[in-house]
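Participant: Below are the chains, spelled out letter by letter.
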Amino acid sequence: MTNRSRLPFYIAVLLLIATGISLAIWRHIELGIPWLTGEQRPVWMVEARVDFDATNESVLASLKVPGQPPGFRLLSEQAASPGYGFSIIEKSGNRRAEWTKRSVSGPQTLYFKAQFVPDTTAKSVLPITTPETRRVFWEEPQATAVREILERARERSSTPESMTRELIRLMQPDTRTQNTTLLVAEENYLELLVDMLNHSGIPARTADGLKLEDARRRQSLMTFLQIYDGQQWLTFDPQSAEQGVPENLLLWREGSASLLDVVGGDNSEVSFSMLRQTVPALQLATMQFESTGLGFLSFYELPIEEQSMFRMLLLLPLGALVVAFMRIVIGVRTSGTFMPVLIAVAFVQTTLVPGLIAFLAVVAIGLLMRGYLSSLNLLLVSRISALIILVIFITAGLSIIGYQMGFNTGMTVTFFPMVIIAWTIERMSILWEEEGGREVLVQGTGSLFVAICAYLLMSAPLAGHLTFNFPELHLAILGLILLMGQYTGYKLSELKRFTPMKVYD
Amino acid sequence: MDWISPRRLNRLGMLNMNRRNVDYIARYNERSSYPFVDNKLKTKLAVAEYGVKTPKLLQVVRQQHEISHFREMAEGLEGFAIKPAKGSGGKGITVITGRDNEEYIKASSARVDAPYLERHLTNILAGLYSLAGTPDVAIVENLVESAPSLARYSFQGVPDIRIVVFQGYPVMAMLRLATTASDGKANLHQGAVGVGLDIGSGKSLNAVQYNRPITLHPDTGLALENIEIEAWGEMLEMASRCYEATGLGYMGVDLVVDATEGPLLLELNARPGLAIQMANGRGLLPRLRSIESLKRLHFTPQERADFAMRTFAAL
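The listed protein sequences correspond, in order, to chains R and X. Okay, so the first sequence: first residue is 1 according to our numbering, each after it adds one. Okay, so the second sequence: first residue is 506 according to our numbering, each after it adds one.
FYI, nobody ran anything at the bench for these hints, they're computed from the structure. From the three backbone atoms N, C-alpha and C, an ideal C-beta is built for every residue, glycine too. Treat each hint with caution, since some may be false.
Pairs of lysine-lysine, DSS-like flavour, derived with a Cα cap of 30 Å [unchecked claim]: (1) Lys596(X) / Lys547(X); (2) Lys547(X) / Lys561(X); (3) Lys101(R) / Lys91(R); (4) Lys611(X) / Lys558(X); (5) Lys491(R) / Lys596(X); (6) Lys547(X) / Lys558(X); (7) Lys113(R) / Lys101(R); (8) Lys596(X) / Lys611(X); (9) Lys211(R) / Lys91(R); (10) Lys496(R) / Lys708(X); (11) Lys496(R) / Lys800(X); (12) Lys502(R) / Lys547(X).
Listed next, the stretches of chain X that the computed footprint assigns to chain R, with coverage defined by at least 3 CB atoms under 8 Å from CB atoms of chain R [said to hold, decoys possible]: (13) 537-547; (14) 624-635; (15) 760-774.
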């Protein structure tokens, strides 16, 4: 007599379900595996074009390329430039694309292509050491002017950010005083800003950003101001003093690194074109786990053959869930516990209507032949064995006839598990002899009904997608099945069966 | 469609399939006790030690070659029953009631020849009727001659009495009468009539066929209202004794009343059906719970039967 407390059981079930769902959510967030099929994600394809005139000597062209710009994730990169050696050099957080060639002359064009995915969670790399400010030596009378402007900006501000904003405002043409006019010329404005901020003890630098607009060509970079607030680099628009990286702005170059260096060439220039593409979210996710090393958690690492097998296998728990629900909660009578699941699996491969016709045909012909076998007075084991061989004959026959008549469906009959069909026929015929045709009809239609329900669930694209990409959800299914095993309430069919009890109430 | 609400069923204390499986069968029936009930031969031997009578065993057919002895043994017999030891729900039971030269007459008055019976024995040995499809043995028993007072209610079959025994207490009982629809068998889902019996007195309460209330037997046309089982207390005590014999906490005990030998145990069932509640017009749950809430269980079968008659009487 086991009257143990069921609390540990319920806690275990709850843990199972919670683990399954939270793992799935974690993987969705971390790897970006989409919940739905066919979900599309925007991807920006940016192409940098480097032009220069080679001067008939060895060429080294070095272009600054972004590694992890804030708000984006680098998906792929490649270079197109015939005859050039190419590599990406990474040195202390500074990534550069380098093209090299022994001897070239004439106008040259080099291309660098990269794909970026917008990702609000992506943060730029934080500097390891606090950037130092650069002391600048000013000559009089600039020194006085700078001191005065900085003084005014400092008075009106409290933090490095507000100080920067104030300074930018003071330097604008409409608010300029005599002092600023003395300092500012159009060409040195940004440089001056950086110098003044550094002078006041705020580390500052410039950054180049690219405004992403679909199908733009020959775009150039826009320069932004960045200051260091003690923790991270903050970006400011140097004209409007607006803080933050605007949406769709890709920071291509940050810090003091030069954008382009060409050795062995003149008149070099960089221009950008870009294109907004959409890529299935799932493809995007799979491309990413190759790079993040989280791929070992997914089935995509397996050979394709195994993958397709698992696609099928992972649907089985859904079928089991349907059978458990139908039998425990609804109370549908089926012949055999999990025969409906196996029939449903066969339906998934044959599709419903041809599968149904084929199944009914095989079972009907098999039942007729079983009638003859039973009159032969054979032992059970040899009768079942004979039946299996007969079932193979029947399916082979149906396949050939179907093929000759031009139906492909004949071929798919072979997906039915032979032993299961043989047993079905055997059980059905025994049932027929003992309980009559009515019971055969009840259990047969019950089995087919459950099989069709399981098929409908298993063949839904979303079901296939979720079970394959979030295998951890099976823990939740397991939890649900265990919970159903504890269901002691009335089945739906019992509410009908016990109806005559109304009289006694 | 006509439905009954779960709330009304709860009020009636109706035991349902899921609760029976989880709260009673799984909790009170030890797996190790199942062979006693799943094998009629073991049942016979186990209950005999506790003074529970069963129909006389004529022959046990264990091997294919023993079937040849069957014909010799059956030669001198008028009636007998062939049963698979591990059969369930009356499957594979063939009852022979008489002889006509070389032919045997089944309970349904169909005539069969000896090869038919031998084939049947072969099927039983191969495990066609056994619960898990495993090889089985066939037992041949003396034919039960039903007591005439009850036999007249049943059509072509022996009426039996199903008693649900919980922890040794008989909690609910019904009389099962064969009909044309049930083909001489006493299984309710095959169309047999179930007559609820008052545990206190052994008198009929009401009757159902296919879960529908009826008042007359569909074949014999006899009224089912005033049936009274003789030696009721003795039968309850007999059912109660099967608890000691098998150790099963929740089971169905099937008894027959033989014209000469009195009450005999036909078989035990570790998963008795729920239709007994419909025949009685009462749910099992209140009775099962009242036994579960007992501080101390009664020690002897006699005391338990008395307690049940006092407590569960319909009044």
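Participant: Look at each hint and say if it fits the structure.
Facilitator: Against the structure, the hints:
1. The straight-line distance between the Cα atoms of Lys596(X) and Lys547(X) is roughly 18 Å, inside the 30 Å bound, and the hint therefore holds.
2. Of the supplied pair hints, the one linking Lys547(X) and Lys561(X) holds, its CA atoms being roughly 14 Å apart against a limit of 30 Å.
3. Distance hint between Lys101(R) and Lys91(R) is fulfilled; the C-alpha atoms sit about 22 Å from each other, no more than 30 Å.
4. Simply put, Lys611(X) and Lys558(X) have alpha-carbon atoms about 25 Å apart, close enough for the 30 Å limit, and the pair holds.
5. Simply put, Lys491(R) and Lys596(X) have alpha-carbon atoms about 26 Å apart, close enough for the 30 Å limit, and the pair holds.
6. Of the supplied pair hints, the one linking Lys547(X) and Lys558(X) holds, its CA atoms being roughly 13 Å apart against a limit of 30 Å.
7. Restraint check for Lys113(R) and Lys101(R): satisfied, since their Cα atoms lie roughly 19 Å apart, inside the 30 Å limit.
8. Taken as a hint, the Lys596(X) and Lys611(X) pair is honoured in the structure, with Cα atoms around 15 Å apart against an allowance of 30 Å.
9. For the proposed pair Lys211(R) and Lys91(R), the alpha carbon gap of about 26 Å is at most 30 Å, so the pair holds.
10. Taking the CA atoms of Lys496(R) and Lys708(X), the gap is about 29 Å. The hint holds against a cut of 30 Å.
11. Taking the CA atoms of Lys496(R) and Lys800(X), the gap is about 37 Å. The hint is violated against a cut of 30 Å.
12. Proposed proximity of Lys502(R) and Lys547(X) is contradicted: the alpha carbons are some 41 Å apart, above 30 Å.
13. Restraint check on the stretch 537-547 of chain X versus chain R: 0 residues with Cβ-Cβ distances below 8 Å, three needed, restraint violated.
14. For the stretch 624-635 of chain X, the stated coverage by chain R holds: 6 residues have a C-beta nearer than 8 Å to a C-beta of that chain, and at least 3 were required.
15. Counting residues of the stretch 760-774 of chain X whose beta carbon lies closer than 8 Å to any beta carbon of chain R gives 0, which falls below the threshold of three, so the coverage claim is violated.
Violated hints, listed in ascending order, are 11, 12, 13, 15; each of the other numbered hints is respected by the structure.
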